[in-house]
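Fit chain B to the supplied structure of chain A, relying on the hints for placement.
Number of protein chains: 2
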Amino acid sequence: MPLKRDPHHQRDHHESAATEIDQLSEMLSQDQSKHARRLLKSMHPAKIASLLERLPREQRVAALHQIDARTEPKVLAQLSPALRTQLTWDLDADSDSSRDTGSDPDAGSGEEPETQLNLVLDALDQGKLKRIAKLFRKLHPARIAGLLESLPATERARVWDMVESERSAKVLRHLHEEVRRRLAAEMDLEHLVEAARGLEPDDLVDLIQDLPTATGRQILDAMDQRERERLQSMLSYPEDTAGGLMNMDQVAVRGNIGVGTLLRYLRLREELPPNTDKLFVIDRRHQYQGILRTERLLTARPEQSIAELMETDFEPVPADQSSDAVAQRFEEEDLSSAPVIDADGRLLGRITIDDVVDVIREQGARALTGMTGLDEETDMFAPVLASSRRRAVWLGINLITAFLAAWVIGLFEGTLEQVVALAVLMPIVASMGGIAGSQTLTLVIRGLATGQLGRSNTRILLLKEMGIGLLNGLLWALVVAALAILWFGNWTIGAIIAVAILLNLLCAALSGVAIPLLMSRLGIDPALAGSVVLTTVTDIVGFFAFLGLATLILL
Amino acid sequence: MPLKRDPHHQRDHHESAATEIDQLSEMLSQDQSKHARRLLKSMHPAKIASLLERLPREQRVAALHQIDARTEPKVLAQLSPALRTQLTWDLDADSDSSRDTGSDPDAGSGEEPETQLNLVLDALDQGKLKRIAKLFRKLHPARIAGLLESLPATERARVWDMVESERSAKVLRHLHEEVRRRLAAEMDLEHLVEAARGLEPDDLVDLIQDLPTATGRQILDAMDQRERERLQSMLSYPEDTAGGLMNMDQVAVRGNIGVGTLLRYLRLREELPPNTDKLFVIDRRHQYQGILRTERLLTARPEQSIAELMETDFEPVPADQSSDAVAQRFEEEDLSSAPVIDADGRLLGRITIDDVVDVIREQGARALTGMTGLDEETDMFAPVLASSRRRAVWLGINLITAFLAAWVIGLFEGTLEQVVALAVLMPIVASMGGIAGSQTLTLVIRGLATGQLGRSNTRILLLKEMGIGLLNGLLWALVVAALAILWFGNWTIGAIIAVAILLNLLCAALSGVAIPLLMSRLGIDPALAGSVVLTTVTDIVGFFAFLGLATLILL
Chain A
1 MPLKRDPHHQ RDHHESAATE IDQLSEMLSQ DQSKHARRLL KSMHPAKIAS
51 LLERLPREQR VAALHQIDAR TEPKVLAQLS PALRTQLTWD LDADSDSSRD
101 TGSDPDAGSG EEPETQLNLV LDALDQGKLK RIAKLFRKLH PARIAGLLES
151 LPATERARVW DMVESERSAK VLRHLHEEVR RRLAAEMDLE HLVEAARGLE
201 PDDLVDLIQD LPTATGRQIL DAMDQRERER LQSMLSYPED TAGGLMNMDQ
251 VAVRGNIGVG TLLRYLRLRE ELPPNTDKLF VIDRRHQYQG ILRTERLLTA
301 RPEQSIAELM ETDFEPVPAD QSSDAVAQRF EEEDLSSAPV IDADGRLLGR
351 ITIDDVVDVI REQGARALTG MTGLDEETDM FAPVLASSRR RAVWLGINLI
401 TAFLAAWVIG LFEGTLEQVV ALAVLMPIVA SMGGIAGSQT LTLVIRGLAT
451 GQLGRSNTRI LLLKEMGIGL LNGLLWALVV AALAILWFGN WTIGAIIAVA
501 ILLNLLCAAL SGVAIPLLMS RLGIDPALAG SVVLTTVTDI VGFFAFLGLA
551 TLILL
Chain B
1 MPLKRDPHHQ RDHHESAATE IDQLSEMLSQ DQSKHARRLL KSMHPAKIAS
51 LLERLPREQR VAALHQIDAR TEPKVLAQLS PALRTQLTWD LDADSDSSRD
101 TGSDPDAGSG EEPETQLNLV LDALDQGKLK RIAKLFRKLH PARIAGLLES
151 LPATERARVW DMVESERSAK VLRHLHEEVR RRLAAEMDLE HLVEAARGLE
201 PDDLVDLIQD LPTATGRQIL DAMDQRERER LQSMLSYPED TAGGLMNMDQ
251 VAVRGNIGVG TLLRYLRLRE ELPPNTDKLF VIDRRHQYQG ILRTERLLTA
301 RPEQSIAELM ETDFEPVPAD QSSDAVAQRF EEEDLSSAPV IDADGRLLGR
351 ITIDDVVDVI REQGARALTG MTGLDEETDM FAPVLASSRR RAVWLGINLI
401 TAFLAAWVIG LFEGTLEQVV ALAVLMPIVA SMGGIAGSQT LTLVIRGLAT
451 GQLGRSNTRI LLLKEMGIGL LNGLLWALVV AALAILWFGN WTIGAIIAVA
501 ILLNLLCAAL SGVAIPLLMS RLGIDPALAG SVVLTTVTDI VGFFAFLGLA
551 TLILL
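Residue numbers (the UniProt record's numbering), protein chains in the order written: chain A, 1 to 555; chain B, 1 to 555.
Next up, chain A with everything else stripped away, as it sits in the complex (with noise of 0.2 Å):
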């Protein structure tokens, strides 16, 4: 095999090659892949065809595996058929042979399963990767995207290379918003024109969205004029509205032709965009009249018309309606696709489930990480330091809160100078409230979340709550009082801290409801910040109950 594994790089000595063929030789004998894909990714693929041919047969392989997998056919296309053949050739019987060895020579461990993650991470190590481009060439596109994502910056680029021009654009479809935009802001803007291209428009829009603005015009730029004025209407809605989730595949059709017409019409077509589940019926200013079930054509008979077969109560979307409330409608009601209007009635496209189902995973993703301040983090590999600077905002603000609470307490410094089984203590109290209300936080947002709690039902929900505060206030207060009368041997700071915890759980109960109400009334989103401030109000009671009682009593 022509490359030793050598981690040590000899930097130095490349400056002292004369001619890119000795440098790359020379790259390629030492190991140095990184430096050997970089020299090569800056040649025309006429250049590297000419140094290919140069190259002694075993480093040519070795020399084709750092060539990305948009730049290899072209390459190719400029090599001797006879060349071309034996290269290919040779390739594939390198590839197979460390496939076949892939598992002894770095995996370590023989119990380690031999996943695709695991695949490509020894290709990486091997410098093997256009048996990382085989591979790819096997998935499924979203596969290839939750691959790029289980890896960190470097190899992400690298591994991205591998993937075909035609398939790059479905694979950036599936890729997380995050990872999708540092991707593509390292594609060159050929590469990611040509990319775009392969978009549906909906996905386009929102990767446009989340590119430089400058990127974005020009790949608009690069468009027709009548995909470019499509896009730009599209553009004109804000992400996470209808019109930002919809796409203009739909099929349109007139209430007065016929059914047979029709299906003539649509065999013309040849094919039609998935989810299709119906059709929409426009009238001739493109006003929109009704839905025509697919299903519901296939069993209709060639001499109906259409005004016929389609429903007319089917209420359509309109575009500025909030993409949560769109993917309520569509679980609720268990949409497939539904047409989306402007103001004036017109139909401008179509939602299909694909869209809403990424909408409602998010929904999901978005109450979990936003409880602990990671919002926008999609990207698990997201540079140390980008993802230190977001998360640093969390724990500021966590500090502040900690810094009340140690306030509370410091107002007490004096008791707990005398009694310091109070110190030991305290913790327990500001703890169970602590949890006590993130249990009712927690049902509170999601109520609020899917609209079942408003301003009528709260009362109940309120009292409902405090109940059972009470009964797990009761309960718990005597157990903690038991244990704390077992360890200290003290009656006073048993009933001290029973009384502590039962007011803590209350009041735990009474912000689990209050809190996230208040801030929603504000317009904050409580998933995001309910539960730091939640915790601020139940350390604070908890601490100042327990030392306070304290004090009164015992000084």
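Derived from the structure by calculation, the hints contain no laboratory data.
Note that this is a predicted model, so its numbers are computed, not measured.
By construction, the Cβ of each residue, glycine as well, lies at the ideal position given by its N, Cα and C atoms.
Among the clues, some could well be false.
What the hints assert, rightly or not - Output of the computed footprint for chain A on chain B, the stretches with three or more beta carbons under 8 Å from beta carbons of chain A:
#: 1; stretch: 115-129
#: 2; stretch: 260-267
#: 3; stretch: 274-281
#: 4; stretch: 353-359
#: 5; stretch: 395-406
#: 6; stretch: 442-453
#: 7; stretch: 475-483
For chain B alone, kept in the frame of chain A given last:
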């Protein structure tokens, strides 16, 4: 209006009423609508009809308000046509007039928006239950389900009676599991079976799985044999597998027929099940062969054969695949439906996107609520006692961890006695570690859930998280140290808290990665218990590092 609002029920009176008609009349005139409802519920429809005939005109309407929607048609059928017309006319007038004035008598604050929930609550308040029935007739079953979920248990049962028989199945289908189970438990068997007949097999299977075994048995017995066998085969798959998700309404065709024949057959069927974006092709022995997209069918020429048009590379879903895996595939490949096969490759049924959306929604909810031990609490208005019990378990687990932390503090009682400032500052160290750790934990849990985190990239993630821990640790250690020095004027305490915070943030990064990985290796769901274990670790390490260092240095 017949019913005057009188909040003080005069319960003792109606004992004296001799006959049912007197009882009823008295109850109605004294606004004891609850008693009237109960009395009417116990009577045969014919009996109620005869009572109605004898009541004065205005009491008739009041009585009719209290009859549930499922009994009403039977009662009306027993009345003379003239009386029937008059009664429905009166009822309409009554409902409308009270609806118009609905906002002023009780609502109190004029600002309150006229939501459907408010309408329902007002109607309940005034005993005008038929107004609810009228509202419900205009609403989508999913919306009715949402309203039901927004109501406390007693009100929910009264409102549920206003849902017409033929729609109750559809409403049941849209209810959350827990609420559905509770309502179904209250229905009498006859109505339950009637409702069950209106459910799709997959929803019915869910319902039966939620009901007590005996009740489920009775529902099965009421079905005809073919339906029963079908249901039993579906019941044999666990709820969280493809088999538990699937429905049996697929359209399966043989490959050897032509498009023309198929279209004629479909036209005879007249209707296709919802979400039919593909038909499934099977052979003589019911073996799955491939799929035929309906859009392909629409654009095909009648003389083509199914075998020619079908796609054989569509991977069917094995019945024992987990529902999470099914959801991931639907999401990645943007599917609307997929065939389910058994181990022998026979076509069993199909999974549709609407059920997958439910799975995805539940995953999101589980991630959010699991963290606070609310895994199963889907009913916002579950009885206080049931909710208390469920949440008490989580509080108990938390108490153990809180006592562990207290025990660590207790080890340093001597130190705390001498330097009480430590007691003031120690919650800050623990709290910063807890927040930083949850950030990492959340990311890892999501990575595990999406399958992006495998053994091969954990080391890289760990390094990245440790890097973030180091950066944020240094930053916040300095900030906290500065604040502590300002507060207590003691440089040593500042240095100690700085080191403790740095240590705790590094340990938080390590635990945030290690704990969920270890738990998932042990088969425990990290989303459920991960955060408790994590905060236990960060509390203990935080207190131990801070107080331990202080003991070494200050004493």
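Now the hints, each set against the structure:
Only residues whose beta carbon comes within less than 8 Å of a beta carbon in chain A count, and the stretch 115-129 of chain B has 4; three or more means the coverage holds. Counting residues of the stretch 260-267 of chain B whose CB lies closer than 8 Å to any CB of chain A gives 3, which reaches the minimum of 3, so the coverage claim holds. With a cut-off of 8 Å between beta carbons, the stretch 274-281 of chain B has 4 residues touching chain A; three or more are needed, and the interface restraint holds. Note: the stretch 353-359 of chain B has 5 residues with beta-carbon separation from chain A under 8 Å; the three-residue rule is met and the coverage holds.
Chain A is given as covering the stretch 395-406 of chain B, and this holds because 9 residues of the stretch bring a CB closer than 8 Å to a CB of that chain, at least three being needed. Coverage of the stretch 442-453 of chain B by chain A holds. Counting CB-CB distances below 8 Å, 9 residues qualify, and the rule asks for three or more. Using a Cβ-Cβ cut-off of 8 Å, 5 residues of the stretch 475-483 of chain B lie near chain A, which meets the minimum of three, so the contact claim holds.
The structure shown violates none of the earlier numbered hints.
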